[in-house]
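Protein chains in written order, with the working numbering: chain A, 4 to 116; chain B, 22 to 132.
Hint data in this document are derived by calculation from the structure and do not stem from the laboratory. Wrong hints could be hidden among the right ones.
What the hints assert, rightly or not - Lysine-lysine pairs mimicking DSS-like chemistry, simulated, CA-CA at most 30 Å apart:
#1 A:Lys83 with B:Lys119
#2 B:Lys77 with B:Lys90
#3 B:Lys119 with B:Lys47
#4 B:Lys119 with B:Lys77
#5 A:Lys82 with B:Lys119
#6 B:Lys91 with B:Lys77
Claimed, not checked - Chain A regions said to be covered by chain B (calculated; three or more residues, Cβ under 8 Å):
#7 46-57
#8 92-106
Computed from a predicted model, the values in this text were never measured in an experiment. Cβ coordinates follow ideal geometry from the N, Cα and C atoms, glycine included.
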Amino acid sequence: SQTIHQWPATLVQPVGSPLSLECTVEGTSNPNLYWYRQAAGRGLQLLFYSVGIGQISSEVPQNLSASRPQDRQFILSSKKLLLSDSGFYLCAWSVGGINYGYTFGSGTRLTVV
Amino acid sequence: SQQGEEDPQALSIQEGENATMNCSYKTSINNLQWYRQNSGRGLVHLILIRSNEREKHSGRLRVTLDTSKKSSSLLITASRAADTASYFCATDVLNNRKLIWGLGTSLAVNP
Chain A
4 SQTIHQWPAT
14 LVQPVGSPLS
24 LECTVEGTSN
34 PNLYWYRQAA
44 GRGLQLLFYS
54 VGIGQISSEV
64 PQNLSASRPQ
74 DRQFILSSKK
84 LLLSDSGFYL
94 CAWSVGGINY
104 GYTFGSGTRL
114 TVV
Chain B
22 SQQGEEDPQA
32 LSIQEGENAT
42 MNCSYKTSIN
52 NLQWYRQNSG
62 RGLVHLILIR
72 SNEREKHSGR
82 LRVTLDTSKK
92 SSSLLITASR
102 AADTASYFCA
112 TDVLNNRKLI
122 WGLGTSLAVN
132 P
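Next up, chain B with everything else stripped away, as it sits in the complex:
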């Protein structure tokens, strides 16, 4: 069953702008992860934030986690055309060996 829901489903921005994607989930988690998928390719792990963390940075990526609202956001700053991809959130649910995936946000960065 789907747990994560990304919002928006699709996002189109200009190069240099920031892109923000959101993810909501339903049950308690160990961690939440963000992945990128270029068209026709496998997924690439971007960042993992544990349930006791509130914010994490990796290069131009900033992830926040609000466990009280069961939501997370992924911010990509100063976007580039190469950031064009689908972005998925996945939750590592307590007492579960599997990730639960959202349906993804399709990001288009226009040059």
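Chain A on its own, in the form it takes in the complex:
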């Protein structure tokens, strides 16, 4: 069966420190992968998506970057965190096509202090 792993669940990082969040998918090949950020009480903001290895599309200019070194691995990074990077980060995958929804990871609560 397909599963998605996202870690860590919570993270407290000082301003200016680097960030690396990892997401891996099991049980499927060539998934579409997504990184979202959700501010408290708000909807989802798409940060990056990827349709294949090394293919990254950025939705908003920001302090973050994403990479997809393997088919089922999606990494969200920052060289220097800002206070405004705090939020709830969600990874998701889909098989593409119009008949399928997304499967989300359990999320990472990032607090930049």
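Following the hints, put chain B in place on chain A, whose structure we already have.
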């Protein structure tokens, strides 16, 4: 940019009552999807309705889609305390690889 707008923003009902949430969108879609998010957790896909469908059921969930009005509704029948969560609609827009999300409806089911 936001496409879906859920209505109401918050809803509080008693256990056993029905809950209805609405979603409006702006552009033509391939499908519309509803998700649930428990506090502090990831989103769970509930139901997908394609643009050529008008109604869909899954257990206690009933979703309708009116493409002429660009709107959808999610009905949860015989609600339970465990249904307490935020509910989001998302649209799969034509010629787009991404879902467009609404801001969600916060549902509280009181025992």
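Hint check:
no., hint, in the structure
1, A:Lys83 with B:Lys119, "28 Å, holds"
2, B:Lys77 with B:Lys90, "17 Å, holds"
3, B:Lys119 with B:Lys47, "15 Å, holds"
4, B:Lys119 with B:Lys77, "23 Å, holds"
5, A:Lys82 with B:Lys119, "26 Å, holds"
6, B:Lys91 with B:Lys77, "16 Å, holds"
7, 46-57, "holds (count 5)"
8, 92-106, "holds (count 9)"
Comparing the model with each numbered hint stated earlier shows that all of them hold.
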